[in-house]
Amino acid sequence: MANLLLITVILINFFTLGSARLVACIRAVAVQGALLSLLPLVAHGMSGHALILGTGALIFKGILIPWLLLRAIREARIRREVEPYIGFVATLVLGALVTAGAFIFADFLPLAQEHHEGLFVPAALATMFSGFLLLITRRKAITQVLGYLMLENGIFIFSVLLSVAIPLMVEAGILLDLLVSVFVMGIVLNQINREFSTLNTERLTALKE
Amino acid sequence: MIGRIALQLTVLLLFAPLPLGVINKTKALFAGRIGPPLLQPYYDLARLWRKGFVFSRTTTWVFLTGPVVGLVVPLLAVQLLPFGGLQAPISFTGDLILFVYLFGLSRFFTAIAALDTGSSFEGMGAAREVTFSCLAEPTLLFSLLVLARSADSLSLGALLGPQLANQWLTEIGASLGLIVVCLFVVLLVENSRIPFDDPNTHLELTMIHEVMVLDHSGPALGMILYGAALKLMVMSALLVRIVLPLQTGSLFLDLLVFLLGLMGLAVLIGMVESTMARLSLPRVPQVLVGTMLLSVFALVLVLR
Amino acid sequence: MMWLVGSILLTSLAGVPGLFYRREGSGGERFACGLILAGCGSGLIAVALTLLSDNVIQFAIPWSMPGGVLALRLDAITAAFLLPLFLVVATGAVYGLGYWPQHNNPGNGRNLRLFYGLISGAMILLLSARNGVLFLMAWEIMALAGFFLIITEEHKEEVRRAGFIYLIATHTGTLALFALFALLGHNSESLLFPDMGTLPAAGSSLIFLLGLFGFGMKAGLMPMHIWLPGAHAAAPSHASALLSGIMIKTGIYGLVRMTSFFTEIPAWWGWTLLILGAISGIFGVALAIAQHDIKRLLAYHSVENIGIITLGLGLALLGRSYNQPALVLLGLSGCLLHVVNHALFKSLLFLSAGSVIHAVGSREIDHFGGLLKRQRWTGLYFLGGAVAISGLPPFNGFVSEWLIYLGAFQPIHHPGSSLSFALLTAPALAVIGVLALACFVKIFGISFLGEPRSSGAAKAHEAPRTMLWPMGFLLLACIWIGLLPTSLRPLLERAATDWSGNLTLPKLTGNLAPLSAISVAGWLVLGLLLFIGWLLHRQSAQASRDIGTWGCGYQFPAMRMQYTSSSFADSLVRLFRFGLWSKRHGGQVRGLFPGREEFSSHTPDLVLDRALTPAFTGLAWLFRWLRSLIQNGIAAIYLLYIALTLIVLLTLLLR
Amino acid sequence: MLLLLILFPLAMAGLAMLLPWYQGRSWLLPISGGLHLLLSALCVTESGAVLGIWIGLDALSKLVLIVISLLYFGCAIYAVGYLNLRRDRGNKAIVPYLLVFLSTMTLAISARHFGLLWVAVEATTIASAPLIYYNCNRLSIEATWKYLLLCSVGIALAMLGILFIAYAALVGGAVPVNLHIDSLLSGATNLSRPWLHAGFVFLLVGFGTKMGLAPLHTWKPDAYGEAPGMVGALLAGGLTSVAFLAILRVMQLMSAAGDGAMARQALLGMGLLSLLIAAIFMVRQPDIKRLLAYSSVEHMGILAIGVGIGGLATFGAMLHLVNNALTKGCLFLSAGNIQRGYDSKQLSKVHGAIATLPISGSLFLAGFLAIAGSPPFGLFISEFTILRGIFGSGQIWVGLLMLALLAMIFIGMGATVLSATQGGPVKVDNQFKDSFLLVVSPIMFLFLVLMLGVYLPESLQTALREAAELLEVHP
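Residue numbers (the numbering used here), protein chains in the order written: chain A, 1 to 209; chain B, 210 to 513; chain C, 514 to 1168; chain D, 1169 to 1643.
Just so you know, the hints here were simulated from the structure itself, not pulled from any lab data.
Bear in mind the structure is a predicted one, so any value in this text is a computation, not a measurement.
Ideal Cβ positions, reconstructed from N, Cα and C, are used throughout, including at glycine.
Watch out, some of these pointers could steer you wrong.
[What the hints assert, rightly or not] Below, simulated SDA-like cross-link-like pairs (lysine to any residue); rule was C-alpha separation at most 20 Å, straight line:
#1 C:Lys669 - D:Ser1516
#2 C:Lys1020 - B:Thr302
#3 C:Lys669 - D:Leu1515
#4 A:Lys208 - C:Leu1048
#5 D:Lys1595 - C:Ser1053
#6 A:Lys208 - C:Asn1145
#7 A:Lys208 - D:Leu1515
#8 A:Lys208 - C:Phe1136
#9 A:Lys208 - D:Ile1349
#10 A:Lys208 - D:Leu1444
#11 A:Lys208 - C:Ser1057
#12 A:Lys208 - C:Ile1143
#13 B:Lys260 - C:Gly620
#14 A:Lys208 - C:Gln1052
#15 B:Lys260 - C:Trp1063
#16 D:Lys1517 - A:Ile187
#17 C:Lys669 - D:Lys1595
#18 C:Lys669 - D:Ser1530
#19 C:Lys669 - D:Gly1520
#20 A:Lys208 - C:Trp1134
#21 A:Lys208 - D:Gly1520
#22 B:Lys260 - C:Asp1059
#23 B:Lys260 - C:Ser1141
#24 A:Lys208 - C:Ala1149
#25 C:Lys886 - B:Trp270
#26 B:Lys260 - C:Arg1051
#27 B:Lys260 - C:Gln1052
#28 A:Lys208 - D:Arg1452
#29 A:Lys208 - D:Ser1530
#30 B:Lys260 - C:Gly1014
#31 D:Lys1260 - A:Leu207
#32 A:Lys208 - C:Ile1147
#33 C:Lys669 - D:Cys1304
#34 A:Lys208 - C:Gly620
#35 A:Lys208 - D:Lys1260
#36 C:Lys669 - D:Asp1455
[Unchecked claim] If you anchor each label on the Cβ, the simulated ranges turn out as follows:
#37 A:Ile187 - C:Val1120: 51 to 59 Å
#38 D:Ile1199 - C:Val1120: 36 to 44 Å
#39 C:Ile1150 - A:Leu70: 24 to 32 Å
#40 D:Gly1479 - A:Leu70: 54 to 62 Å
Given the sequences, and given the hints that come with them, work out the whole structure.
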């Protein structure tokens, strides 16, 4: 059950890497967040702790932040294409590579016996690296926020493994950090938009040697 | 010691101009002339001493230091040198360096005295003098090293000691022969003889030493000529001693041998001057460098 | 001890009170000069106490600093360097009153005096320091103070460039010294200097190389001399005198001190020093001949003399590795004596050159000429310095070169050994000597004799007394060492004994090195010269002086027809064409009736202008390219760097 | 007391937001800075380590705390003078953010729990972003954006690293896992190695981004270049030290687990790389503030090398941390003055600074000599001690390489600084002058560095030694 979720998450990674339409990407990431919010419940059954975590994830990852991003798009009236530095096919190939790498890397790390059958670690790493890939290969500032979001999703997957072992505050920390940083990024995005009337980061290359 | 010094000085002061006369006589004979009398240099000096001075208004007191140093240096240098069999009046470790540097002193002052006149010709002469001497100096040093090695000592007196006689017969003889050649070349350069310089040319552009003293007159010129003669004699003494290291013991005989050697050298110089043409200036450095290599070779021979 | 500390404090703080005086007032400079004189006086007392009594002054108090101890020691080697320091510093301070008066230089006069005092104090400290940290600190303070002395006239472009090159050079050297002392002290906690002859030489080659680089950079040994000509030319003359006379000697001091630590010396150390010394000597003087800026010329002569000093040190090292006391004694005493001598006559030359520049307002030799008539005293002092630096008897330069010659001749007593190659030192010294002579004939003749070559030279005036007396004092010191070298014998012998550790050395007398004979010869030369000169002068007193120089038939000689420095140097520069690559301009006479023709030549520095500058330009270009590549402003690429770092570290650490 | 130290700046920030009076708002900074300095001095002088469960002070954090507090106080004084010049931009935003920044830094220093440490570091990022954005022009937006993006990614990686370490404990068999530093240290030996190593790497990269080790330094020149001088000083002297402290915590963990050697290797490598990068970027650098940014990269590299060598070098690194923070303060503040005075930070406009702004120009030159490690400034002692450590540990080639790079850096930095400071005065059409408030704190910093160069108090030495020993723990 958990693995099924995780497989879907990884598939969503590929979808995001491959899709050319910005709104679709945002929606995909939102769906990913929503799915992840189920993960604690699936992993640890119905516990209060897991409930809180799940709802928190749902609110932030699934609803609030995607909404923020969509609003930013609407305000900026930017074109809907993603404009990668390198082509979609290449991105997909790279995504496949990093996912494979994540799986190989996961084998180095010994798991606690209760997680043996789970795909948590590889899925987490794969999502994280995909997020990284998104950050690196996309032009728009907003896509980079998206990549960052996906990165955080990966971390969230991993943190689910530990959600019983360590106090609540760390997850709280994640969510808070996610909110705040994305919020601040949102503000900066607005400023950028006002100054440059675009969200393409290639305008943001004045500072160089 | 005082006696020796006095003897050395008198011999030097008496006989110094004579070789010049001999040289000129030889040249005259080679040219088929009668030539000036042997004692002509003495007459010239006497005449110059009676004359008065004429100074350019450009000159300063430096102008007079040239003749003075040129005269004083040989007088001191000769005390470090054995005349033939009679041994050197003063002799201490490392006096050979002093010997070399005393002549450096005279070169310095002759050159700046020449520059004191502000004439471009004399400047040219000074430039050439210092240039050629810096090629001749290492040769002299190498030759002295060879002698010092073979005598295992650092004072001229011991270098030119009686041991030279049988060293000619040992394997050192070869390098001795080489350095005799080198020292002869150095002698010609330092005393501005043909083929390096022509003392009695009348074309200033070709002169080296003579052009530096163009402006001197009267007793100052006399002192310069006399100083040149003394220098010639001192350096010839070095050469003569190496070639004729006879040691008869009796003072008179030794002196005689030495003077004969001196005259022989003068005749040799005369022959060279009358058979060779003056080298063109660019060729001079090549010849000097060649001589230097020769002396290096000699040094290698004694050191192996 | 208190005398030494007092001199350090007095000199280093000499310039401070001046800061509180008015900008135009002359009170501050008098005060500073007085403090410096007092400091030098007490320092001289300290040195005298050490030399007269056989015990060495030393003390050490703890210092709250990792590895630091305030340890001072004044032994014979230090004394040999301190003696000229005090003389030069004191004379320079007095000279400064006339040469750089506050009321003419309200802007930079105070800084100049501040750093002049600071550098003096720092040098005294570093010469007597016995702790790595303390030494390095004094070393760098000296270097920085020197930098500020050099950039006194920082509004000039050339001065700034010279200062920058100096700063780079000295700091690079200092970094090498960091490594040197870190290596020296990595087994001891306190970084105190080890005692003489205690360290094993095994495995200390790196230490030697670092020292050679760091100290050689400061001393201006040939490949590392890049900073020297520009810096000495740029600084005010009495500062140049201090830099060239004393500061570069601290490099020599470092080498001497460092080599004294080791028990046995590998032979290649000595050979390296000999080769470097010969190179610096010959090429230094050759480059000097080719210069036409009087201070650059003198600066290159510093390179030459450092070469001579290094030859002496190299001989001494060889003596230690081949275990020959005579060679050690002659080499080291020659080295140290030449350090003293060069300090004296080089500062004398710089000071008199300063008074010429002061009078004519130019540094170009070709703008001088006929100055002896207008500056009779300056001219006399310069002549004395020239004779001394050319190593001619009866002045001091000859004595030290003579000692080194004797050292170079020592190997004749041991034929067949590889030591014989050291004999080649003698001809090298001969070449250096003759070239130096030629160079000083040129500079004295062109600038002081003949007719004035520029209007400035024509209306030159004699310098004020405050500038003349210091020069006279220095000249007297030169003559003193030249005529009474035996007075320094105890100092030299003690220094050599301290340095050579366990060897028992002979004395500088008898058939090893009869200094007394040299002094007798000196007296003779001087006496005879004066006597005959006096005769000739008396005879020529009433001779006529109203005619022109004999122009060899040419009727209308003009000043422009005099030999210039370029033309004088030309024949020699051509001899060294292979190593100098001088640039010659004009001089070709064309046509049947040739027109006006100029000839001039200039010679850029071998290492700096021909090797380093192009190399650095290329490097800078490469770096700029790399920069635009790495820091290209695209955030995504920056993220890529992070990802790559992550991956690399993971693959490296998770094996 | 420590809690007070963290909380009262927040209160002050609230006060600043309410206060309507411009001058008063500016003066809140030095007041709270001085108060903070006072309190932290009290905390530090308290004998022994104050160790709570969540927050506390050990020798390391005491050292960093006092340095940061000192630096902040100086910058706060400067800020008053600076904000008076910037009426155009106002201080309604920047003063509260500066105060929050102080509080977050203090929290990060005193955190005894990895989670808390992480949250605090994240908070510093967010609190400092508006400071960089102060000038509100395109360039400052760009700088802020890059800073935010890179540091957030870094911090996310650090998060993962912490989770890995937690998982290492889990696999090691500790239930419930807790991330309190002390308990982790005590149980370090039975952490699962692969997870620990992976966690170390992620934490190194994460906090390394914050600290600015090459090649994670790329945000530095932009942020430092565009931020006001005092902010640059706080970032380069303060924030980097905090991030370094975070890395040192991980080092503690690694060496407690017996893998100190591996961690040292990584630090050493990154340190040397940082020196190389700094050297490449400093040669002919035409912008004085970017120059300082790269110099900060360089000195982070030196710190990393010092800790990477260990032993005596660690002691040197601790001393270097103090010196670097103070000197950077002096340099950035004087560079800020010069930029104000010339309306530019490009060499094309800036030259003859000593003639134009006598005090700031001289301070800039002196600061350069200090940062280059010339005696008698403190950095000489620290760098020399690090070198002694290196050569003592027998890694001679590391030492020589470091020296060569330092020489190259000196050449590059010297060329820029000298041509900026030397030369005749330049006429600039603004009436900026060195005023007391703008020069007093750089002078104070420089004086302190000079003092540390000629006299290192015994108490400070013991403090440094204790701090160094915390990193030398062995299982």
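**Prompt:** Which earlier hints turn out false for this structure, listed by number in ascending order?
**Reply:** 4, 5, 9, 11, 13, 14, 16, 21, 23, 29, 30, 31, 33, 34, 35, 36, 38
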